[in-house]
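Count along the sequence shown from 1, add 1, and you get the number used in this note's numbering.
Hints were generated in silico from the structure; no laboratory data involved.
Just so you know, even glycine gets a beta-carbon here, dropped at the ideal spot from N, CA and C.
Check the hints yourself; a few may be wrong.
Label-pair distances were calculated between CB atoms; the ranges are [said to hold, decoys possible]: (1) Asp-426 / Tyr-90: 43 to 49 Å; (2) Val-342 / Asp-266: 53 to 59 Å; (3) Val-342 / Ser-268: 58 to 64 Å; (4) Leu-304 / Val-342: 51 to 57 Å; (5) Ser-268 / Pro-229: 33 to 39 Å; (6) Asp-227 / Gln-323: 36 to 42 Å; (7) Asp-231 / Asp-94: 49 to 55 Å; (8) Arg-237 / Glu-331: 20 to 26 Å; (9) Pro-412 / Leu-368: 36 to 42 Å; (10) Leu-235 / Ser-299: 28 to 34 Å; (11) Asp-94 / Glu-148: 15 to 21 Å; (12) Glu-194 / Arg-237: 35 to 41 Å; (13) Arg-422 / Val-342: 19 to 25 Å; (14) Glu-194 / Glu-363: 54 to 60 Å.
Within a straight-line C-alpha distance of at most 35 Å, the following computed DSBU-like cross-link-like pairs (lysine-lysine) qualify [as the list claims (entries may be wrong)]: (15) Lys-151 / Lys-31; (16) Lys-374 / Lys-396; (17) Lys-151 / Lys-406; (18) Lys-396 / Lys-406.
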Amino acid sequence: MSVIVVGLEHRGTPLDLLERATVPDAELAKALGRLADHPNIAETVVLSTCLRTEVYAVVDRFHDGVAELQDFLAQTSGRPVSTIEAHQYIRFDDDVATHLFEVAAGLESAVIGESEVLGQVRRAWQAAHREGVAGPILASLFRHAVEAGKRVRSETAIARGVTSLSHAAVALAARQRSGGLDGARVLVLGAGEMGEGVVAAVSDAAVEEIVVVNRTSERAETLVRDLPGDRRDLVRSSALAALPDEVTRADVLFATVGTMHPMVDRSMLAAAIAARGCEPMVVVDLGVPRNVEPGAGSVDGVLLSDMDDLRASVADALSGRQDEVAQALEIVAEEVERYRVAARARDVAPVIAALRTRIEGERRAELDRRRRKQPDMGDEQWEQVDAATRAVVGKLLHDPTVVLKEASGTPRGERLVEALRALFDL
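Could you build the full structure based on these sequences and the hints that come with them?
Take a look at the structure:
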């Protein structure tokens, strides 16, 4: 059995391919089912965010498993396997743990140290668990990854400053608009996690108002209702049908919807600019896939930025954080070692349990035979014999158990396991 991950992420993949490879929440259960249908895949988890889609799996055969995960990404994106191979990364066994732990710690994010990815890692495993496709191996991997992410954030200063895409997007918009966000009318399209983050970040600025539009108006209303009282007066929700009018009124538009098709097209923005007397509008598209038609950026007066632009704007996020990154990597290495120790113990646990069961069975059988032959001994004496023999068995098995756990995952460990199975018929 091998643990592998095949993925596409923001640093090595064109945005259009990332868009196509995205697995929306509504499609996740079906996608996990497709993966689980492969007889070679024993466990699987899909981690799909705005900047990465990764498929983790426990497979019987390494090369076949890689091919199956590549096929999945190709089918999801509608692109040939050769395109996936040109941009993919593959990790296996211990390197999978190192990679996932760095992802959970925010070290692989466009915004170093961003906080949103930790929840995304947790929810990816929870979704796979609900569908019954994530077993004990991936459960241990993802549980340790979440712990690593928590430690990095609590023990380093890596999460200081702008540490989410939402905050980075707001900072980008403030730089692009003359006068920053002071007095701006802001429209947030989408009331999901990203939309909530944008609203929270924008409400710290001196904007005139914030309008939230969502495909389901109830979600937008809930977002507004749950805001702190001092911010609630600044924010209102609006119906999706009113989107063209709200776009016209907006000075800054943040699009954050998880949708497969653009919700704001060139004609809508052209009409808005005309109605505004050619007053410029800043548009930041945080959607993957895009929420705003790419051609809309050619409309005079529209300053359109997408995820590629956002990545470029935070490319220097790593500078000035080298000490925190180094400390975070040390924590990741420690947590990976803890995971490896747990994994080694898990690998040999069935053999150790079988050995203990076998020896305990022989001990009890021998005591029963002796008791039948010596009926004159009292219960108290037999209890002492029972305790003494249990203690002897425990002491005899202690050292072999420790040696097995320490050697697990190595060629020597495999030889020891096979020898025990042969010697004790396990």
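Supplied distance hint 15 to 21 Å, evaluated on CB atoms of Asp-94 and Glu-148: holds (20 Å)
Looking only at beta-carbon atoms, does the pair Arg-237, Glu-331 fall within the given range of 20 to 26 Å? For Glu-331 against Arg-237, whose Cβ atoms are near 47 Å apart, the range 20 to 26 Å is violated.
Given pair status - Lys-396, Lys-374, alpha carbons within 35 Å: holds (27 Å)
Pro-412 versus Leu-368 beta-carbon gap, inside 36 to 42 Å or not: holds (39 Å)
Is 33 to 39 Å a correct range for the gap between the Cβ atoms of Ser-268 and Pro-229? About 38 Å separates the Cβ atoms of Ser-268 and Pro-229, which means 33 to 39 Å holds.
Would you say the C-beta atoms of Val-342 and Ser-268 sit inside 58 to 64 Å of each other? Distance hint for Val-342, Ser-268 holds at roughly 60 Å.
Just to be sure I understand the hint, the distance between the Cβ atoms of Asp-227 and Gln-323 should be within 36 to 42 Å; is that true here? Taking Cβ atoms as reference, Asp-227 and Gln-323 lie about 38 Å apart, which means the hint holds.
Does the hinted range 53 to 59 Å hold for Val-342 and Asp-266 at CB? Distance hint for Val-342, Asp-266 holds at roughly 54 Å.
Arg-422 and Val-342, beta-carbon distance inside 19 to 25 Å? Given a distance of about 23 Å, which is inside 19 to 25 Å, the answer is holds.
Holds or violated: 35 to 41 Å for the Cβ distance of Glu-194 and Arg-237? violated (20 Å)
Using the beta carbons of Glu-194 and Glu-363, state whether their distance is inside 54 to 60 Å or not. Given about 57 Å between the Cβ atoms, the range holds.
Taking 28 to 34 Å as the stated bounds, is the beta-carbon spacing between Leu-235 and Ser-299 within them? For Ser-299 against Leu-235, whose Cβ atoms are near 33 Å apart, the range 28 to 34 Å holds.
Of the hints listed earlier, those the structure fails to meet are numbers 8 and 12, in rising order.
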